[in-house]
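A.B. asks: With chain A fixed as given, assemble chains B, C and D onto it according to the hints.
Number of protein chains: 4
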Amino acid sequence: MSTSRKRPYPLAGRTEATPPTVITFADTELTIGGEGVTIIAGPCSVESYEMLSETAQGVRASGASLLRGGAFKPRTSPYTFSGLGVDALEMLATVRAETGLPVVTEVIDTRLVDTVAMYADVLQIGARNMHNYALLSEVGRLRKPVLLKRGFAATIAETIMAAEHIMTQGNMQVIICERGIRSFDTATRNLFDVAAIPVLKQETHLPVFVDPSHAAGRTDIVAALSNAAIAAGADGLIIEVHPRPPEALSDADQSLSLAEFDALMRGLRPFVQAAGRHLVMPAPAPRPTQADPVS
Amino acid sequence: MSTSRKRPYPLAGRTEATPPTVITFADTELTIGGEGVTIIAGPCSVESYEMLSETAQGVRASGASLLRGGAFKPRTSPYTFSGLGVDALEMLATVRAETGLPVVTEVIDTRLVDTVAMYADVLQIGARNMHNYALLSEVGRLRKPVLLKRGFAATIAETIMAAEHIMTQGNMQVIICERGIRSFDTATRNLFDVAAIPVLKQETHLPVFVDPSHAAGRTDIVAALSNAAIAAGADGLIIEVHPRPPEALSDADQSLSLAEFDALMRGLRPFVQAAGRHLVMPAPAPRPTQADPVS
Amino acid sequence: MSTSRKRPYPLAGRTEATPPTVITFADTELTIGGEGVTIIAGPCSVESYEMLSETAQGVRASGASLLRGGAFKPRTSPYTFSGLGVDALEMLATVRAETGLPVVTEVIDTRLVDTVAMYADVLQIGARNMHNYALLSEVGRLRKPVLLKRGFAATIAETIMAAEHIMTQGNMQVIICERGIRSFDTATRNLFDVAAIPVLKQETHLPVFVDPSHAAGRTDIVAALSNAAIAAGADGLIIEVHPRPPEALSDADQSLSLAEFDALMRGLRPFVQAAGRHLVMPAPAPRPTQADPVS
Amino acid sequence: MSTSRKRPYPLAGRTEATPPTVITFADTELTIGGEGVTIIAGPCSVESYEMLSETAQGVRASGASLLRGGAFKPRTSPYTFSGLGVDALEMLATVRAETGLPVVTEVIDTRLVDTVAMYADVLQIGARNMHNYALLSEVGRLRKPVLLKRGFAATIAETIMAAEHIMTQGNMQVIICERGIRSFDTATRNLFDVAAIPVLKQETHLPVFVDPSHAAGRTDIVAALSNAAIAAGADGLIIEVHPRPPEALSDADQSLSLAEFDALMRGLRPFVQAAGRHLVMPAPAPRPTQADPVS
Chain A
1 MSTSRKRPYP LAGRTEATPP TVITFADTEL TIGGEGVTII AGPCSVESYE
51 MLSETAQGVR ASGASLLRGG AFKPRTSPYT FSGLGVDALE MLATVRAETG
101 LPVVTEVIDT RLVDTVAMYA DVLQIGARNM HNYALLSEVG RLRKPVLLKR
151 GFAATIAETI MAAEHIMTQG NMQVIICERG IRSFDTATRN LFDVAAIPVL
201 KQETHLPVFV DPSHAAGRTD IVAALSNAAI AAGADGLIIE VHPRPPEALS
251 DADQSLSLAE FDALMRGLRP FVQAAGRHLV MPAPAPRPTQ ADPVS
Chain B
1 MSTSRKRPYP LAGRTEATPP TVITFADTEL TIGGEGVTII AGPCSVESYE
51 MLSETAQGVR ASGASLLRGG AFKPRTSPYT FSGLGVDALE MLATVRAETG
101 LPVVTEVIDT RLVDTVAMYA DVLQIGARNM HNYALLSEVG RLRKPVLLKR
151 GFAATIAETI MAAEHIMTQG NMQVIICERG IRSFDTATRN LFDVAAIPVL
201 KQETHLPVFV DPSHAAGRTD IVAALSNAAI AAGADGLIIE VHPRPPEALS
251 DADQSLSLAE FDALMRGLRP FVQAAGRHLV MPAPAPRPTQ ADPVS
Chain C
1 MSTSRKRPYP LAGRTEATPP TVITFADTEL TIGGEGVTII AGPCSVESYE
51 MLSETAQGVR ASGASLLRGG AFKPRTSPYT FSGLGVDALE MLATVRAETG
101 LPVVTEVIDT RLVDTVAMYA DVLQIGARNM HNYALLSEVG RLRKPVLLKR
151 GFAATIAETI MAAEHIMTQG NMQVIICERG IRSFDTATRN LFDVAAIPVL
201 KQETHLPVFV DPSHAAGRTD IVAALSNAAI AAGADGLIIE VHPRPPEALS
251 DADQSLSLAE FDALMRGLRP FVQAAGRHLV MPAPAPRPTQ ADPVS
Chain D
1 MSTSRKRPYP LAGRTEATPP TVITFADTEL TIGGEGVTII AGPCSVESYE
51 MLSETAQGVR ASGASLLRGG AFKPRTSPYT FSGLGVDALE MLATVRAETG
101 LPVVTEVIDT RLVDTVAMYA DVLQIGARNM HNYALLSEVG RLRKPVLLKR
151 GFAATIAETI MAAEHIMTQG NMQVIICERG IRSFDTATRN LFDVAAIPVL
201 KQETHLPVFV DPSHAAGRTD IVAALSNAAI AAGADGLIIE VHPRPPEALS
251 DADQSLSLAE FDALMRGLRP FVQAAGRHLV MPAPAPRPTQ ADPVS
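Residue numbers (the numbering used here), protein chains in the order written: chain A, 1 to 295; chain B, 1 to 295; chain C, 1 to 295; chain D, 1 to 295.
In isolation and in its complexed conformation, chain A is listed as follows (with noise of 0.2 angstroms):
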């Protein structure tokens, strides 16, 4: 039928005729997906409740809408700092409570999906990850939101059928997060496929995120690629920010400053228009008595 979803992506594919998939946030005006352009933003790693605090009101003022921050970490080397864990995730619930920006953490073992999904609004599944179909399922399972990072080196087809891992198991909410592939040259972290962004915006109904952080892998070409993100037709970003990047327990080469990030934001306002669409706002700050934790 002519206005079936695609094959071989029966729930994740989209006709010219499937809407765009936007996900909403229960009592705010956020969405993610659709017109808008949404920025997410916050430090590679939870290192304390104060830096979070200070990243969390720095990149609300300057446009940010959602905050990112690492509780379990993936690490390459078992030698190295791999996140404060739960401590995290209550860190992220005391600043979401604080500056009402909803919280996206990432997930890396079944096992702790609930416990992960007590906390998050938005759970990330890693690059690492993008195989792990249990994980894909467990997260499934839940109704919340799943930012699905592609493989260092998935094809964007793979990138899909991860998404629709999740989907087969009832969780629509699939956001695909695009953050650069494995290749030859050393001049950047990753190598950002920005035809990719078309491409899945016409092979699927999903959003699709530009994480130029991890592309990068350093931290003066971040602002080029996240204008390059816009104009190519991302719905977001995902930006590592840190208030002091040099002293970052991971991924200091690639953490912009708040005031980089501000000027990034700056500079991105002008695309974003031209893209004719417009940057999400951040949801008021809830009244300081309504601070909790946990949600």
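Among the hints, a few may not be true.
[Claimed, not checked] Distance windows between CB atoms, simulated:
1) Q169(C) <-> E247(A): 27 to 37 angstroms
2) A259(D) <-> V22(C): 26 to 36 angstroms
3) D87(D) <-> T186(C): 42 to 52 angstroms
4) T24(D) <-> T24(C): 49 to 59 angstroms
5) R7(B) <-> R244(A): 23 to 33 angstroms
6) T80(D) <-> T18(A): 51 to 61 angstroms
7) R143(A) <-> E247(B): 18 to 28 angstroms
Worth flagging that the hints you see were computed from the coordinates, not collected in a lab. Just so we're clear, the structure is a prediction, and the values are computed from it rather than from any experiment. We put the CB at the ideal spot given by N, CA and C, even for glycine.
C.D. replies: Just chains B, C and D, lined up with the frame of chain A:
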């Protein structure tokens, strides 16, 4: 010394103090590099005078200010169409005389450099010949601009070094062109390395162009890649356009129709503005009596 | 200290003085690592008791000394055959009891590690899960050998680091398996990185295996890749064999028939000798009365 | 017709009925292709008569039957040593006269083909020039063997097509040489695609060689890659050897000493035998009075 250009590219490298190279064309306002964004368009191959003239009139009307067209085509198979050779060069010169559009055409053999240079305003070195140092030296002896395409699997550093090969022979008018590199995903013909643009802009003072047609290998995303290229800081684009793409003798899958190119240009303008730049206008068409096949 | 193992792999790394890890199996002469070359063979997926038993008898007769067979299959699409699960584990145990061949099977979920470990003699971590650190840690708590496959786009260093993740949990019996990485040429399914073998042998004391079936993705070159692997210093191979490849439910294109596997083994022997090594013989088949589905 | 050669390579392709191409050299027993395995060795660049002569005597004694040596070197940077040119060609001819070893040397410019052909017994097309069709055509007009190296990022199909370019000009004596392709892992200089050997042997009747030196980029694994190449079916090897590698003006990291080359050759013989083949012996050294610098 702090104002010296960066090693290991004494000629192509830049420091913060190095002004950008701006290429000019005699008797016109046309520029490549600097503040403006310059668009080159035309067919993959020159197939006949009629199709070339029709294409040139069309792309000029939409805002292209130089005409591309292949006369000598490097082809993977020795059994496919390899261009009309000198006849094509003559047609390019005739159409230049009609439209005022300077012509860009590829040279693939050291022994043909003088012949091609007699007709071309800009000589193109194709991706397959980026490491052909004999050819780089030979075009280095000219005093005409060279559009140097990045090789299939060349690093950014190697690409700048290829420009350096040309410049050591005295020709300082080199345009570096990103056109996608080889990768594992067959969704696009090549993988457009949009991050190469800001990296190149940091490393060199030379103009940086993008060929979104070869990067994409499919027409439906050429406009999105063009927008992304400008947003990332490119100084111009070189785009394949054919009056009847299905009939094209080469690159039919990636050639835009004149209407598609016109739509692309209309969509591009807001991004050029967002980048704080302007589109370089085509030179006025010469008076009819000035037609002269060889410049 | 000169005899300490190499950083940054304190457990997996080696110096010239470190002896190679040799994995043994209770009550048999079977070894993995050291002087011998050990062959694992069997179907991609366990499809039935009959086909598994037929395959096991066949590969044992040709010189394989362990049996592979997938019970839980990670599949790119959620709509394709994903294995028979625990039923397949039961069949593997039954066939082990018949043939004396220890069984190698993949685990893809932390929550299934204990179940799989109850049946398997060697647990496989597939390429898709090489960066799944939760799973690596979980198999690290076992005291059973783990066959760790290199990720699609993992560097050699990252692969050794994944082994280190397992070993930090106390399980020192890790076999590293090269199986090809992603590249741009579609002539083979993956690009077999034969150079990884001598590099791994220099960097680590762990046994190094090769999966020529997944590297090739086509049967006609599996034997050539097997010979090359042994010549480059591999300690063993894991090869897909199916009694009737065209009927295979997965990996039909790369599964050898029993006759093809027998021919491969006959062709391999001279290369094992040329390498100054010997083929590890299968353990004797147990007496019929010893059959016990769960070891 | 069932006996016709395979399309799309009418000249380079093969069917099961096509006999392998065997290249012979006048007045000697020397062959390339067919049953024997032929070893080419020598320095990356010819640096002086003395070092070339010393290398030639050494590699001949160890079993090499042709001498390699660069006279014109394609170099990424225009500021590095680019060979001694015609002087190096003269030295090659002198050493050939002394040792009886035919010489293999690279040509990088169409205008130098006749000059290089006057001295060389085999002309090499380097990886950087595999897509330089003007150069391919020019060596196609010769009636001397051409060693054609696979490009950095050329597919196997494109490599055979480059051979076809040469053969359409009438020169049927083409040797295809795998030398590693670009990949993301920096553990080796290039990624040696050992699977290309059996694929090439299936697709074409031309001899297939391997350059393990450029593939590895490090001396410690050249012998392992050489053994693997022969086990996979290669017809020969081309290996970089220098009498004092640390002093080499180019490729110092990957050049074997004479002692290392001798050890490699001793280790290689059992693999040549295991492959059911024999090492092609060097031609006898000519009588001293025959010395003549230009053949």
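A.B. asks: With reference to the structure, classify each hint as holding or not holding.
C.D. replies: Hint check:
1. Here the CB-CB span from Q169(C) to E247(A) is close to 31 angstroms, well matched to the stated 27 to 37 angstroms.
2. A beta carbon spacing of about 32 angstroms between A259(D) and V22(C) agrees with the range 26 to 36 angstroms that was offered as a hint.
3. For D87(D) and T186(C), the hinted distance range of 42 to 52 angstroms is satisfied, since their beta carbons lie about 45 angstroms from each other.
4. In this structure the supplied range 49 to 59 angstroms holds for T24(D) paired with T24(C), their Cβ-Cβ distance being about 54 angstroms.
5. Checked against the hint of 23 to 33 angstroms, the pair R7(B) and R244(A) passes, with Cβ atoms roughly 32 angstroms apart.
6. Roughly 56 angstroms separates the CB atoms of T80(D) and T18(A), a value that falls within the hinted 51 to 61 angstroms.
7. Distance hint check: the CB atoms of R143(A) and E247(B) are about 52 angstroms apart, inconsistent with the given range 18 to 28 angstroms.
Checked against the numbered hints above, the structure violates only hint 7.
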